[in-house]
Amino acid sequence: MPSFNQSIFHPAVFFLTGIPGLETPQIWTSIPFCCLYVIAISGNGMILFVIITESSLHEPMYYFLSMLSFMDLGLCLSTLTTMLGIFWFNTREIGFDACIGQMFFIHGFTFMQSSVLLAMAFDRFINICNPLRYATILTNSRIIKVVFAIVLRGTTALVPLLLLLKRLSFCHSHVLHHSYCFHPDVMKLSCTDTWINSAFGLATVISTAGLDSVLILLSYVLIIHSVLCTASPEERKKAFGTCVSHISAVAIFYIPMIGLSLVHRFGKHAPPLVHMLIANFYLLIPPVMNPIIYSVKTKQIRKAVLKVFLSKLI
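Following the working numbering, the numbering of the sequence shown begins with 1 at its first residue and continues without gaps.
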């Protein structure tokens, strides 16, 4: 392995990091990560398949769920090659343009996931607080407009951030802390002033995931107020039961994101292993857990998945 000396670095090349301290037996330590990728890809693929093929699931709630599964798949596939390249072949080099491209997909799918979770919160709000108008508010044409707005918002928020990154010069160590390209991680390696990048990055996160989290919280405050004021105990239990899956998805999305952001801002002296573990939790836990949560907690999804498995067995 080459010594990571500043003098041998090409300015257009970065070096990704595997598991610190376990570089030699990485072929064995890759097994848990491979299992997580298999679960995430197969689980989200199954959710997409049953929603597309089952006509009973052609409703706004499940359309949004299929979008969430699609974002989870995109997030996994955007890092699969670099992760397995490090673990299986010790291929750690990644070009600057390839790194920018990977960041576009990682952060783009993350921002779009946040928007989809907000759309799902709005769906639950309308379904519980104004059920008589649910079908007239969330029509197919409006859902298509929501999908277009989610994609447009995710890409337009990200493009200026990455263009600002391309103007930086990199003269420090080119070794990244993660096994994929992450914007704050790359930005820290620059030897030029990055306050514009930091300010714009913070503004982008606040205007996307930050704003979405506030609106999701507001929607649940309104849902709780409406249910407690008008519903019977049995209806309250049923109403809150329909929200459990979404609340769980919101928690497993935002908690790893907040943890990774805190480590990057305040964990400069934290061991490299901490950075690696939190970065991979942020990347893999939501795609792995979302299909499990919705398959267990949502009766219609569970029945559709069992129907597919039984039909294959027969």
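Please keep in mind that the hints were generated in silico from the structure rather than gathered at the bench.
Heads up, some of the hints might be wrong.
[Unchecked claim] Below, a list of computed lysine-lysine pairs in the DSBU-like style, where the Cα atoms sit at most 35 Å apart: (1) Lys145 to Lys307; (2) Lys297 to Lys188; (3) Lys238 to Lys297; (4) Lys237 to Lys303; (5) Lys166 to Lys297; (6) Lys297 to Lys307; (7) Lys297 to Lys237; (8) Lys145 to Lys297; (9) Lys237 to Lys166; (10) Lys237 to Lys188; (11) Lys237 to Lys145; (12) Lys238 to Lys307; (13) Lys145 to Lys166; (14) Lys299 to Lys188; (15) Lys166 to Lys238; (16) Lys238 to Lys188; (17) Lys166 to Lys188.
Quick caveat: nothing in here was measured; it's all calculated off a predicted structure.
Hint check: Lys237 vs Lys188, CA-CA at most 35 Å. Holds or violated?
violated, 48 Å
Take a quick look at whether Lys166 and Lys297 sit within 35 Å of each other, Cα to Cα.
violated, 44 Å
Are the Cα positions of Lys297 and Lys307 separated by 35 Å at most?
OK: Lys297 and Lys307 at ~16 Å, within 35 Å.
When you check the alpha-carbon spacing of Lys297 and Lys237, does it fall within 35 Å?
At roughly 14 Å apart (the allowed maximum being 35 Å), Lys237 and Lys297 satisfy the hint.
Would you mind confirming whether the straight-line C-alpha gap from Lys166 to Lys238 stays at or under 35 Å?
violated, 51 Å
Compare the distance between the alpha carbons of Lys299 and Lys188 with 35 Å, and conclude whether the hinted pair is satisfied.
Outside the cut-off at roughly 46 Å; violated.
Taken at face value, is the distance from the CA of Lys166 to the CA of Lys145 at most 35 Å?
holds, 32 Å
Within a Cα-Cα threshold of 35 Å, do Lys237 and Lys145 meet the stated pairing?
holds, 33 Å
35 Å Cα cutoff - pair Lys145, Lys307:
holds, 32 Å
Holds or violated: Lys237 and Lys303, Cα atoms, limit 35 Å.
Holds, because 21 Å separates the two Cα atoms, which is no more than 35 Å.
Does the structure keep Lys238 and Lys297 at a Cα separation of 35 Å or less?
Holds. Lys238 to Lys297 sits at ~12 Å (cutoff 35 Å).
For the pair we were handed, Lys237 and Lys166, check the Cα-Cα distance against 35 Å.
Judged against 35 Å, a Cα distance of about 52 Å means the pair is violated.
When each numbered hint is compared with the structure, violations occur for hints 2, 5, 9, 10, 14, 15, 16.
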